[in-house]
Amino acid sequence: MTEQYVHHVHTWGTVIVLELHAESLAVDKALEACEAASRELEQIDALFSTFRDDSAVTAIRQGQLRPADAPVLVRTVLDACTHLREMTDGAFDPWSAPGGFDPSGFVKGWGADRAAVVLESHGFENVSVNAAGDVSCRGEAEPGQGGWRIGVADPRDPMQVITSALVSNAHLATSGRYEQGNHIVDPTTGLRATEVASASVLATDGGTADALATALMVRGPAGLSWITAPSSAYLIAGERVWLTGEAFVHP
Amino acid sequence: MKRALLIGAGTIVGTAAVLAYHPGSLFGTGIDASATTAFAEVTPALATDTGATTTAGDAAQASSSTGTTPSPSAATAKTKTARAKTKPAPQTAKGASGKTAASAAPAPQAAAPQAAAPANGTFTGSPARTQYGPVQVQITVNNGQITGVVGQQAATDGRSQMIASVAIPKLQQQAVAAQSANINGVSGASYTSGGFAKSLQSALKQAGLG
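So the protein lines, in turn, are chains V and F. When you line the first sequence up against the working numbering, it's residues 1 to 251, in that order. When you line the second sequence up against the working numbering, it's residues 1 to 210, in that order.
Hints in this document: simulated from the structure, not taken from any laboratory. For each residue, glycine too, the CB sits at the ideal point set by N, CA and C. Don't take every hint at face value.
[Claimed, not checked] With the Cβ distance kept under 8 Å, some of the chain V side facing chain F (calculated, not the full set): (1) Ala-59; (2) Arg-61; (3) Gln-64; (4) Ser-128; (5) Asn-130; (6) Ala-141; (7) Gly-146; (8) Trp-148; (9) Ile-150; (10) Val-152; (11) Ser-164; (12) Thr-174; (13) Gly-176; (14) Ser-198.
Extracted from the complex, chain V is given alone in its bound form:
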């Protein structure tokens, strides 16, 4: 029987769930690893939060910090966001967010990956980090399972799982109208995206998965050309579902 340890981190304005699985699991070691991952998450918040007056991103938004002078982690994120903006023809564009530069659509997945790496560095091979529905997984949940089976909540009824994917050493991000209504705006038109109910992307990199899920909400099925192997996507628009790749199955 696999032993489990669950740790909740209250940061990024949400709750991030760390989960460690092992055949035999020492709680003190698990706690130590989770506290280290928690510190990593809080450092990311200190750099990237748009709600903190003292973050690097706030300084960039206010014109008080040139991107070239930003800390190296921020420059890394800026470079990745630039690449993803080009890749998606502007459907993902942190620079056109209301209120100024906001890389949150990349940082949530990217940061979840970093927390997972911290947990791994403490000797835990089978971990998941769920940042408000964006999930980084390493190893597997059960011996022989080959990964973590992560369900996707139905946007029409979040208490139901509509599909699932086996996630290992990868990230599953879902963007959708689950809670705050239709909050995705097409940066190229300034209009609210209306067609897509939810978009899930499985990719090896959390930041990419997160950004592409956001971009698919904007562009809809036409954006599925961005999803290439080994990535997969699951898109719900109207009464239809689009699939690319082979990761998503019915639960």
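Given chain V, put chain F in place with the hints provided.
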């Protein structure tokens, strides 16, 4: 004897506030914020009109059961059968994949997760260890729908506020996860969202815990 973890009034207010966040769903209807028996009152909100899409998975996930019909093992077997039947579905969508989708638009596929055999009864999950101590979840299922979720603290200490603040998001996760066998987590769910955390804090405050 495990003591109940969640406090009625606070929990129901929190849940009602969260559920009301979902426009266009059944959530938020029929919930009496002044109710004092928490999960029984939540029942109508957790039930859905999408048909009996749940789930013998409750039984598969549960470590023990006080259910009457059917037995957990029978329910598990039925789930596996249902899963096998649905497996070919994604393969029919292979044409939707590929690097040159610009020229060939992906083919839409109907969203039709198959219903599994409904299970009835009360199911208790394995205790989850958290930084605040072990938390255990018990769900009640009626005609395949989750009709009640109860969190218990498997060990006693005086930190009920902290435990409640971790348990409720986990309960929501379990409630979703329990509907599909072998789900280890959920993407896109609102249980860890900022809105949830906020309304939870509000509920705890109203209950005199925050």
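Against chain F, with CB atoms and a cut of 8 Å, does the hint on Val-152(V) hold up? holds (5 Å)
Per-residue hint verdict: Ile-150(V), partner chain F, C-beta under 8 Å: holds (5 Å)
With 8 Å as the cut and Cβ atoms as the points, is Ala-59(V) at the interface with chain F? Check failed: Cβ of Ala-59(V) comes no nearer than 23 Å to chain F, outside 8 Å.
Was the hint right that Ser-198(V) lines chain F, CB cutoff 8 Å? It holds, given that the least Cβ distance between Ser-198(V) and chain F is near 6 Å, below 8 Å.
Per-residue hint verdict: Thr-174(V), partner chain F, C-beta under 8 Å: Thr-174(V) check passes; min Cβ-Cβ to chain F is 3 Å, inside 8 Å.
Given Gly-176(V) as an interface hint, is the shortest Cβ-Cβ distance to chain F below 8 Å? holds (5 Å)
Please verify that hint: Ser-164(V), Cβ, nearest Cβ of chain F, below 8 Å or not. holds (6 Å)
Residue hint Ser-128(V), partner chain F, criterion CB-CB below 8 Å: Hint holds; Ser-128(V) Cβ to chain F Cβ min 6 Å, cut 8 Å.
Go through the hint on Ala-141(V) and say holds or violated, using the shortest Cβ distance to chain F against 8 Å. holds (4 Å)
Supplied contact hint for Arg-61(V), tested at 8 Å Cβ to chain F: violated (20 Å)
Is the shortest C-beta separation between Trp-148(V) and chain F less than 8 Å? holds (4 Å)
Interface restraint verdict for Gly-146(V) against chain F (beta-carbon cut-off 8 Å): violated (12 Å)
Figure legend: structure checked against the earlier numbered hints; hints not met, in rising order: 1, 2, 3 and 7.
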